[in-house]
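Chains G and P, in that order, give the protein sequences. First residue of the first sequence: 1, per my numbering; consecutive thereafter. First residue of the second sequence: 1001, per my numbering; consecutive thereafter.
Hints are supplied without guarantee of correctness; some may be wrong.
[Claimed, not checked] Covered, in the sense of this in silico footprint (three residues per stretch, anywhere, with C-beta under 8 Å from a C-beta of chain G), are these stretches of chain P:
(1) 1022-1030
(2) 1034-1045
(3) 1113-1124
(4) 1138-1148
(5) 1247-1253
(6) 1293-1306
(7) 1349-1363
[Stated by the list, open to error] Here are the simulated distance ranges between beta carbons:
(8) 1052/P / 803/G: 34 to 40 Å
(9) 1173/P / 290/G: 41 to 47 Å
(10) 1173/P / 300/G: 46 to 52 Å
(11) 1114/P / 738/G: 53 to 59 Å
(12) 1263/P / 201/G: 35 to 41 Å
[Stated by the list, open to error] Residues on chain G that point at chain P, a partial pick, calculated with CB under 8 Å:
(13) 352
(14) 511
(15) 600
Since the hints were derived computationally from the structure, they do not count as laboratory data. No residue lacks a Cβ here, since even glycine has one placed at the ideal position from N, Cα and C.
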Amino acid sequence: MKAPVSWIRELVDLPESVTTEVLTDRLTALGLKLEAVDSADITGPLVIGRVLTQDKEPQKNGKVINWCTVDVGDANGTGEPQGIICGAHNFGPGDLVVVVLPGGVLPGGFEISARKTYGHVSAGMICSARELGIGEDHDGIIVLPPDAGEPGDDVLGLLGLDEEIIEFEINPDRAYALSLRGVAREAALGFNVPFADPAERELPAVDGKAWEVVVDDPVGCPVFAARLVSGFDPAAPTPEFIKRRVEQAGMRSISLAVDVTNYVMLELGQPIHGYDADKVAGALGVRRAREGERLTTLDGADRGLSAEDLVITDDSGPIGLAGVMGGATTEMSETTTRILVEAAHWDAVSMFRTGKRHKLTSEAGKRNERGVDPLLPGIAADRVVELLVEHGGATAEPGYTLVGAAPERPAITIATDLPARLSGIDITAMTTVENLRAIGATVTEQDADTIEVVPPTWRPDINDPYDLVEEVVRIVGYDQVPSVLPRRATGRGLTRTQRLRRRIGRTLAGAGLVEVVSFPFVGDATFDKLGLPADDPLRSTVGLANPLSSEEPAYTTTLLPGLLEASSRNIGRGAPGVALFETGTVAFPADNGPAPIYGVHTRPSEAELEKLVEALPVQPQHLAVVLAGERRRAGWWGAGADAGWTDALAVVRRLAADLGVTLEVASTARMPWHPGRCALISIDGVEVGHAGELHPSVCASYGLPARSAAVELDLDAMMAAATDVTPGPQFSTMPVAKEDVALVVDAAVSVAAVEAALREGAGDLLESIRLFDVYTGAQIGEGRKSLAFALRFRAPDRTLTEAETSAARDAAVARAAELIGAVQR
Amino acid sequence: MSGPNTDYDPVEVTTLKPEEVEAARDAALAAIAAATTLDELKTVRTEHAGDRSPLALANREIGALPPQARKEAGQRVGQARGAVNQALAARQGELEAEHEARILVEEAVDVTLPTDELPLGGRHPLTTGAELIADIFVAMGWEVAEGPVIEAEWLNFDALNLGPDHPARTMQDTFWTEPADNHVVLRTHTSPVQARTMLTRGVSEGAPIYVVCPGRVFRTDEYDATHSPMFHQVEGLAIDEGISMAHLKGTLDHFASQMFGEGITTRFRPSYFPFTEPSAEVDLICFVCRGVDPESCRTCRGEGWIEWGGCGIVNPRVLQACGVDSERYSGFAFGMGIDRTLMFRHGLEDLRTLFEGDVRFTTAFGSEL
Ligand SMILES: [Zn+2]
């Protein structure tokens, strides 16, 4: 909402001391937030000039320029005529024009200086409306009326360029402030000065004779006012003050009739529609549209109507989308002499829905959908008639049609101490009553502690005691709210999951991984890039009805795409390698039908809440890791090492060790991993994720170094399995006995299997077992490999004898031979 | 020394002449002093204190002397050997110390060599930022509540007094999941977590609600330097007997000073949010210029204040929908963007740096915010 300061001051008697800054500060404190103060972006000297001479000089390029001398009085300091070049031709010697002299600055920071051009020194500029930012007309310069003033007179005020316009951000509950009436009322409230309500008018008696109006839907249209003028001069110009104010509000000046309706809407907040009465056939009707009906609106759009749309009709059918936009067939034109003026009160929800359905935002719709004062229709129509008579030579036809009446507002009962209790400010009952009266409410005292309040008609937003509290407190001032810490919180700290998530993040960061946060939007192309087969369950996603990009219309089922993109971005920006991780939500469709919508007056039952939760997608927390390129850096110490499948598994194992989780690792084949280098990770036989080297095609499609590796785990499962209270470890301080064994096994046998067999055979004396070498070659034989293990034995209570140690080792080897056919080398 | 003992080999006993013993001792001491390395000293030791050294040979002859001469000869040779051994030990110590010192010198390295073999890891500032905020509130006895990002429409809107035709529903353009009549959305704020907290936990005597809800939220904003379809919020909710705006102000002032420094407070401006009434915008006094000569301040752009978030007294309609006795209890709620907070706290120019995953961004923040 843009409000010129001069207009505000016209309606409310603000003292001189209230500067624009003081005014905006106070209004912001009351809830009308200052967005900006616009003033013409011009610094003088901008003066009236009289053209003395005008020499037309044709140029080589075919253009003709004017070399003028202009009398600017003493404004240039010399009193001598000013020589100025001008390209426009809509003026001649003797005309008064607007001159900006050297040193002036025009909108856009355009500084004026004397400069040499077309063989002359042009000392200033003769201005067009567009150059001054006050209109679109740039075909010619501004020619002022002969009585505008004397050469050298300052012209900023004359053109309204010294006018400050306050732009407010109006919250949905303050629709009344979408008018000068509302803004001025707040200003009066803010400075406790009298307010001249422009809505206070003497109205003629309602006789229903202005036009026949039939309202079929009094719920959608509680009040409808109609007036008629005739003998209107369609060529009459819009008075300067109306034109300027309409433009200052950000609207276009179109014609007197249209400008007047907009002017009154700005003044009062009531949208008004004018019809060319000669084009309206028969009575005006108000009803819901019928399915299949169509209407061409003023913007030229041919619209199919819905049975929910409120329309204005005449004998021909719908002629307007009620409260939102008029129709083309009855539009006022340059030949219109009889104007039918409509001002009506509309159901805000209908307006909102119609605007949304037709994707129509208009100044009228904006006000109607937020709620307008239902007392205004007759008043606004009368004001329009007055201005059309005054400035358009029209005659007000007798007759005033008013259908319906403003609905009664129920009184709100409120305890007088509620504002004090909810604000924490010491607000007396008297202040409460005074402030409610100040906003225009009718207050009736019930008993010592209770009042009944009927809100003013222009405040449809006030319905509850708490709404009244806000009104009282904002006038007292939010800056009066004291600062007091509540002291009754008795929280139990972070939850187990919250603590575990922090721990996991720290462990991974400690392992040299960098956390990233990615968008969760994916599409078919994302899964294609991962090489997922057509029937892969990860392709079954929760779709978005209105995605930002049609390429990514779903919520992701895997965190890898975001991480791979980020890896690729880092590599592309020159990183020799990256190790990234992300934790976040992935989603799988629940397919349990729609989530119910319940009422809001009581709490839903437990069963109802359960239904709500069941309808939501399954949303586990995942953890993903991507390791690409250099993992250990090369340097003066020697070669570095690129990330590979082992790094992926190392991360998983490190995390499991930190959480006290025992993992099972087995080979598997799964995209996007390398089919021979993918580990299936399980806990107690339940799959929790995968780790390994990425498939070469995936590395290629993301532009990542060969052998890049990745992990994706179900973090919820990992956290569920985490050890809460670690049992104190028992270990012996007796001497250790070490034995190495090398076993030859079939190449397909996993190290884990051999290790398990050795462990089983070695018995209780075995403390640890660690593979330290893998050898394949001719000596071992085709399809075989040699695995060398270091075994450590220790007894809890004694030094082991050589015999005991070898016996244990032999038993281990024997078990491996028995279970896997391992042969000791 | 007594006269020659003619019962013994005259050649052998000549070595026990006092001057010879002294000469051998002096030669040994001179050689020891002349040894400059441990290896040289080893040779000297063999020559002058070894089994074949003159003093060792002399010592061996003592037994052949007449008994009356043994004592004196023994003393003389013993003293000489003692002196040599002592000198050897001392010199050994000296040379060892020299050797050790030299090794340390030789082993000196250039400590300015790079040592960055192991890559630096790091957690994202959005994570550590949310933790910092959570810790501030947990320290006040609050709890941290969480909920799903894909949420029921009823919980995201209706329960929060945003009815189907509420204009605010268009203010926050929502991602709807398919099919659109499924009434499931990507949550547009973390407020449904507040609703869930009230619904599942309830409020009762001695069990008030004090929770913060940090989390990821979505709106259909085009992605640019200041907008993102995904961003992060932290909201707070307190429901207790006698809660007022003063408690809200106290809590936010405390939060502000913990987050931005001692003395940083907030101010309220009237505003509108469907789930609160009265509602307020929260501004933070600029933590850079502290409102003193803000004209040249880049952080607050000359305002002296920074817009931080929204807050208010919980609308009783919300309490009703969530099963809280609005006659007995009142509450306050607030919410602010974590991303935006980080942007002005750390002077970030472009919101997108948070979501690009450039490791140079994340590692710059260290392990805590
Ligand atoms: Zn500042």
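| field | Ascending list of hint numbers which this structure does not respect | value | Those not satisfied are hints 1, 2, 6, 8, 9, 10, 11, 12.
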